[in-house]
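Enquirer: Here are the chains, one letter per residue:
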Amino acid sequence: MSVLRERVTLVWLGLVVLTCVTTWGLSKDLFSPAVAVVGIFLIAALKVRFVMLDFMELRQAPIPVRVAFEAWPVVVAAMILGFWFTTGAVA
Amino acid sequence: VDGVWVAIGADSVIFAILFMTFMQDRLKDPALFEMSRHTLNVNFGGIDTLILLTSSWSVALAIQALKRDHVDRVPRYLLGGALTGLLFMMSKSIEYFQKFAGGLTPATNPFYMWYFTLTGIHLLHVVFGTSLLTYVWIKSRRAAYSSLNRVVPECVASYWHLVDLLWIVIFPLLYLMKAA
Chain A
215 MSVLRERVTL VWLGLVVLTC VTTWGLSKDL FSPAVAVVGI FLIAALKVRF VMLDFMELRQ
275 APIPVRVAFE AWPVVVAAMI LGFWFTTGAV A
Chain B
3 VDGVWVAIGA DSVIFAILFM TFMQDRLKDP ALFEMSRHTL NVNFGGIDTL ILLTSSWSVA
63 LAIQALKRDH VDRVPRYLLG GALTGLLFMM SKSIEYFQKF AGGLTPATNP FYMWYFTLTG
123 IHLLHVVFGT SLLTYVWIKS RRAAYSSLNR VVPECVASYW HLVDLLWIVI FPLLYLMKAA
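Protein chains in written order, with the numbering used here: chain A, 215 to 305; chain B, 3 to 182.
Be aware that one or more of the hints could be misleading.
[To be verified] With a Cα cut of at most 25 Å, we get these calculated DSS-like pairs of lysine-lysine:
(1) A:242 <-> B:180
(2) B:30 <-> B:180
(3) B:101 <-> A:242
(4) B:180 <-> B:94
(5) A:242 <-> B:94
(6) B:141 <-> B:69
(7) B:180 <-> B:101
(8) B:30 <-> B:101
No wet-lab data here; the hints were simulated from the structure.
Generate the whole structure from the sequences, applying the supplied hints.
Expert: In structure tokens, the structure reads:
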């Protein structure tokens with residue numbers, strides 16, 4: 215078993231890259247707040263999905279279980295972004 | 003095994019409710035939340051995320067090795083998971099120490115109440131998960147697990163990945179969510 219050839223290693227690398235993009239890229243003032251926040255939370259939802267499917271191995275789970283868990287990042291990101299857009303701008 | 007998934011699901015729902023309550027409180031005073039957010043160190047949060055992702059990866063490798071009966075490799079991956087869990091605790095301790103030294107406590111304002119509540123509950127999960135990983139690491143050194151006997155390490159691994167994914171949301175919520 216070569217660690218480098220494992221799917222979980224590729225997923226881990228992808229998650230690390232996405233974390234660097236949000237932490238040291240999107241969070242800077244290069245983008246408008248709306249673009250940054252939407253991008254950051256869509257990436258967070260994507261990261262959660264990959265942790266669920268590949269680290270938790272839900273890719274092999276029965277469909278109802280998979281749907282229930284995959285709904286979590288979608289609902290959480292939608293809720294956070296919904297509140298964010300409802301909240302007024304800071305002067 | 004089903005019980006573990008129910009517990010993981012219930013924990014996820016509780017955290018989702020906490021995230022919603024945080025956003026409701028932020029709605030009342032976004033300026034205060036934005037000002038307070040700027041006092042957090044984004045580098046700490048980012049590095050903490052990388053630590054937990056690496057920890058989860060190590061534990062996932064342990065389960066892959068177990069499935070293929072490469073039992074000699076399992077302890078080292080589990081130890082990697084437990085040690086990175088400890089590293090996260092150390093990082094959070096330094097961050098908390100800096101906050102307390104700067105006079106920032108849960109009583110400072112609603113943002114800091116949420117910062118200490120969310121990161122504190124999550125840290126308790128990390129402590130519990132690291133303890134479980136240490137337990138399965140010790141057992142794996144005695145070759146207690148195999149491809150036919152892997153329910154306990156798989157349950158511990160699933161819990162540990164939950165700890166990882168919760169932080170993936172907590173981090174941007176507290177550290178990165180700039181105001182409109």
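Enquirer: In ascending order, which of the hints set out earlier in this document are inconsistent with the structure?
Expert: Of the numbered hints, all hold.
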